Amino acid sequence: MSFAINTFADLQAANTAVPYAQFLGVECREEQGEPLFVLPYREQNIGNTLLPAIHGGVIGGFLENAAVLHLIWAREAQEIPKIIDFSIDYLRSAGPQDLFARCEIVRQGKRVANVLLSAWQEDPARPVATARAHYLLA
Amino acid sequence: MEPGWLPVAAPAFFEQVVTRGLALPHCHALGLQLQAASHGKTTLVLPFKPDWVGNPLTRVLHGGVVTTLADSAGALAIYTLLTEPESVATLDLRIDYLRLGLADLPLYCQAECYRLTSQIAFTRSILYQQNPDTPVAQAVATYMRSAAPKGGGR
Chain A
1 MSFAINTFAD LQAANTAVPY AQFLGVECRE EQGEPLFVLP YREQNIGNTL LPAIHGGVIG
61 GFLENAAVLH LIWAREAQEI PKIIDFSIDY LRSAGPQDLF ARCEIVRQGK RVANVLLSAW
121 QEDPARPVAT ARAHYLLA
Chain B
139 MEPGWLPVAA PAFFEQVVTR GLALPHCHAL GLQLQAASHG KTTLVLPFKP DWVGNPLTRV
199 LHGGVVTTLA DSAGALAIYT LLTEPESVAT LDLRIDYLRL GLADLPLYCQ AECYRLTSQI
259 AFTRSILYQQ NPDTPVAQAV ATYMRSAAPK GGGR
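Order-wise, the sequence lines are chains A and B. Residue 83 in the numbering used here sits at position 83 of the first sequence; the count goes up by one each step and never skips. Residue 142 in the numbering used here sits at position 4 of the second sequence; the count goes up by one each step and never skips.
If you're looking for bench data, these hints aren't it; they were derived computationally from the structure. For clarity, every value in this text was computed on a predicted model and none was experimentally measured. Take these hints with a grain of salt, some might be off.
Claimed, not checked - From the structure, some residues in chain A lie toward chain B, with a derived Cβ separation under 8 Å:
| no. | residue |
| --- | --- |
| 1 | Ala17 |
| 2 | Val18 |
| 3 | Val58 |
| 4 | Gly60 |
| 5 | Ile84 |
What the hints assert, rightly or not - Estimated spans, in silico, between C-beta atoms of each pair:
| no. | chain 1 | residue 1 | chain 2 | residue 2 | range |
| --- | --- | --- | --- | --- | --- |
| 6 | B | Asp189 | A | Glu79 | 31 to 37 Å |
| 7 | B | Val183 | A | Glu104 | 33 to 39 Å |
| 8 | B | Ala174 | A | Ile105 | 38 to 44 Å |
| 9 | A | Glu104 | B | Pro185 | 33 to 39 Å |
| 10 | A | Gly109 | B | Leu236 | 18 to 24 Å |
| 11 | B | Gln257 | A | Thr7 | 21 to 27 Å |
| 12 | B | Gln257 | A | Thr16 | 42 to 48 Å |
| 13 | B | Leu243 | A | Gly109 | 29 to 35 Å |
| 14 | B | Val183 | A | Asn114 | 29 to 35 Å |
| 15 | B | Leu236 | A | Lys110 | 19 to 25 Å |
| 16 | B | Gln257 | A | Pro52 | 21 to 27 Å |
All residues carry an ideal CB built from backbone N, CA and C; glycine is no exception.
Just need the whole structure built from these sequences, with the hints factored in.
Put into structure tokens, the structure is as follows:
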């Protein structure tokens, strides 16, 4: 099993190979030449039945997964980078709908990358959460 | 339920919150269990499943399960101090990943609500597998309290 990602098909294959991403139901696709991550709504991901709302941990896990795959995609690397820290701000509750995520590599040195993440539902300009993470590369 | 969590502020209320909280669809899917609770503190355990793996080559646990466990344990720690239904919403959560999480072992989270104000709850957590002295991760989170009785919703 290789994690060399050169195409979006490779990215989808890598995502499929991550058990936790499959547990959540994560999908990824190309949008304007960049990876777009999608978490189709599943009742299993609900963490508040009264609102109802997607579990905050699911949003965090979805974003952490997106960052890892985006980093491999951007570097055409073969290894899954190790997470150093992760910090998430919850801005709105995420309703029972599909969730989307995009990543931006803010800085990437030889050893550490800083990634900015955003998750939204209907409007990318109204994120439900933003996050920042550091990864150790290779 | 274990008698070990009797010192919580309102045992009958806390039992209701735990029962409903662990039955929430995602918590149920993870199989989260309460191991201990006392005034301001909870220990939750996430039994291992192959689904938690984040790296199929090394079988290291995915950070997402750490995040979900910390968020849930922190919220429950707040309810050990409450006596009436209310909702708490996570404002932010920060996790430092100190060691790799290993496959085939359960993951524990000891969470503490170390400051509760009329509007905000501050929590900190240690996540470990074999020994709390060698944690996998450390987390801090803040939550907003809401008087609206949506309580038990999480």
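(request) Would you list, in rising numerical order, the hints stated earlier that this structure does not obey? (result) As far as the earlier hints go, 6, 11 are violated by this structure, in ascending order.
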